[in-house]
Structure formats: C-alpha cells, structure tokens
Amino acid sequence: EPEVTQTPSHQVTQMGQEVILRCVPISNHLYFYWYRQILGQKVEFLVSFYNNEISEKSEIFDDQFSVERPDGSNFTLKIRSTKLEDSAMYFCASGSVATDTQYFGPGTRLTVL
Amino acid sequence: GNSVTQMEGPVTLSEEAFLTINCTYTATGYPSLFWYVQYPGEGLQLLLKATKADDKGSNKGFEATYRKETTSFHLEKGSVQVSDSAVYFCALFPNTGNQFYFGTGTSLTVIP
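If you read the protein sequences in the order shown, they are chains B and S. With our numbering applied, the first sequence corresponds to residues 1293 to 1405, in that order. With our numbering applied, the second sequence corresponds to residues 57 to 168, in that order.
Because the hints were derived from the structure by calculation, they are not lab data. Backbone N, C-alpha and C fix where the C-beta goes; we use that ideal spot for every residue, glycine too. Treat the hints with care, since some could be wrong.
[As the list claims (entries may be wrong)] Interface residues of chain S toward chain B, partial, derived using beta-carbon atoms under 8 Å: (1) Tyr86; (2) Ser88; (3) Gly97; (4) Gly99; (5) Leu100; (6) Phe145; (7) Gly159; (8) Thr160.
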C-alpha cells in the first residue's frame, strides 16, 4: 500500500541554523500539507500546497518558513533560522483531491538546541 | 472558531478492558469528525470518521458517534488488546476550508 514517507525521522540542530525537512508524498497525489505538534500541544496546520503554490497557510507559517516541490517526488519544508520554539514533530500529508482524505507520514522530530 | 479537546493521557489499561477516550469539539458549520491512530514509528492513520450528526463511525472494534447536542465524538472499544497500544487523535475537518483541526492526542498502553 502506498504511503507518505518523511526524512529524517529525527533532526537535531542549533538555534539559528537552517533546516530542511523532506517528505515523499504518495505518487499520484496533488495536494500537500505540513502540520506540526509541539510536545504536549495540539497538532496544528501549517500550510497546504497545490499546483506549485501555497493554497492556504496558518499564522504560524511566517517568513521563516517556506515550502517547495523541487522535483516530481519530494515536498520540503524549510525553516530559515530555527528558534527553540520550532522544536516539534512535523507531519507531512498528501491527498489526491482537496478533501478530508489526507494521508499522513510518520513525522520528523525536530529538536532545536 | 474550530477546535478539538480530547482527554489527557496517558491511559493504561489491562487487556480486555473497556476503553473510552473523550473528545469534544467547537466548530462553525457542520464539520466531519475523525479519529486517527499513530502506532510507534508510523504515520497518522485514519481509524474512523463520521460526517454528520448521529452517524457512527466504526473500525477494528472501535466506535464513535457524532453527537451534535453534546458536541462530542468519544472513542470506545469494548475489549482492548495489547496491539491497540498507540496514540489516538481526535480531529475535525470543517465543511469549508482544507485543513484538519486536531486534539493533543491520547497515549494508550494496554498491558497483558
């Protein structure tokens, strides 16, 4: 069964460094999403992406964040200058249509020191 | 606005015990309601969903009923197994927009 994959599973970085989190969505999907969960808090929507552009973003998704689909298979989330409060589990999701049927990856745990 | 509140964990139960994980929501309009499960090292997997009031979602022995009057979608299972040990997330998807609103997740451990 096809699944969404994410790499790395755990990333440790120093405050102020740039990080790129990678996701490989399911191959025929067209809609892509990032969510995050700070430890002990709710899973929060960050951004949705369709047709090579952002279709919706939350207040969390400020200028420090960017997303890209650099090739036909990867979907990346870049944080330009990480802060301590960016430490969280980041989930990627994809869907074939813009509905509630989103398939989630296992997450990348980002730790900012 | 839209939000989900679910029961704090962790929850530890003995095998064959009855499980309830409470979930309440606030929403504008008429959302769909979901339970997702995350097994260790895996992604969030859809467990069950209900799209309108009084609908019951069910899967793998788990059930939840969409209660509009109490704005709730509690997850239940009559007899848990060790293999049910996981983190369970309640979520809503509003009828406008394209994003999920999740709760914090409830960790369940079932001991033999």
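Quiz item: Of the numbered hints stated previously, which ones are contradicted by the structure, given in increasing order?
Solution: 1
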